[in-house]
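Novice: Sequence:
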Amino acid sequence: VKKKKKKKLKCYGTVLCSELNGINCGYCIFQAKIFEQDDLALPRVAAYFYLESTREQEQAEAMLHYLSERGGQYCSKDIQRPGAEQVCALLPALELLLGQWKEEMAIMVELSQLAREHGDPHSASVLKSHFLQPLAPKIKLLGDLLTNARRLGCTSDGAGGYGEYLIDQLYEELASA
84 VKKKKKKKLK CYGTVLCSEL NGINCGYCIF QAKIFEQDDL ALPRVAAYFY LESTREQEQA
144 EAMLHYLSER GGQYCSKDIQ RPGAEQVCAL LPALELLLGQ WKEEMAIMVE LSQLAREHGD
204 PHSASVLKSH FLQPLAPKIK LLGDLLTNAR RLGCTSDGAG GYGEYLIDQL YEELASA
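Residue numbers 84 to 260, in my numbering, belong to the letters of the sequence shown in order.
Accuracy of the hints is not assured; some may be wrong.
Stated by the list, open to error - FRET-style restraints, in silico, Cβ to Cβ:
| id | residue 1 | residue 2 | range |
| --- | --- | --- | --- |
| 1 | Tyr245 | Pro220 | 23 to 31 Å |
| 2 | Arg233 | His148 | 35 to 43 Å |
| 3 | Met188 | Gly236 | 22 to 30 Å |
Since the hints were made in silico from the structure, they are not lab data. Every residue, glycine too, gets a C-beta built ideally from N, C-alpha and C.
Use the sequences and the hints to build the structure in full.
Specialist: See the structure below:
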């Protein structure tokens, strides 16, 4: 019985460590405020990234709250700065965000499977309903944004062209996301 309890606690510790990745993701998204600067000025893109940063932070806090409710233990982990110091163009910012969300989704799927393996259907259900299901449409929207950005000729350099302007002005999902 003690061995099973230790495995559950280890599972919850893993949940906490994964949510630190969510906080890291929020930090990366918040860096995208560079799109508000005068020389780039993509206000809808900046608002989209700021909103997603706030949502990521709320998700991380919700996961920490769930962990404390279930009796999980703290897992100490340093949060490192992301690899990209400043993202100065729309295309790499979207690619970075998509990569982080895919990684977060893979971690959540793994945690859900781990919870099922250890006989904890409640945690598996909470992970699926509160953390996995909301992430899937966001990944779809971001994939669509990336596809359209590439079609419009957005580049990875910091020049900022007509494609970035069109994405900012015409993409309604940025305003309603």
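Novice: State the violated hints by number, sorted upward, taking the hints as numbered earlier in the document.
Specialist: Per hint list: zero violations.
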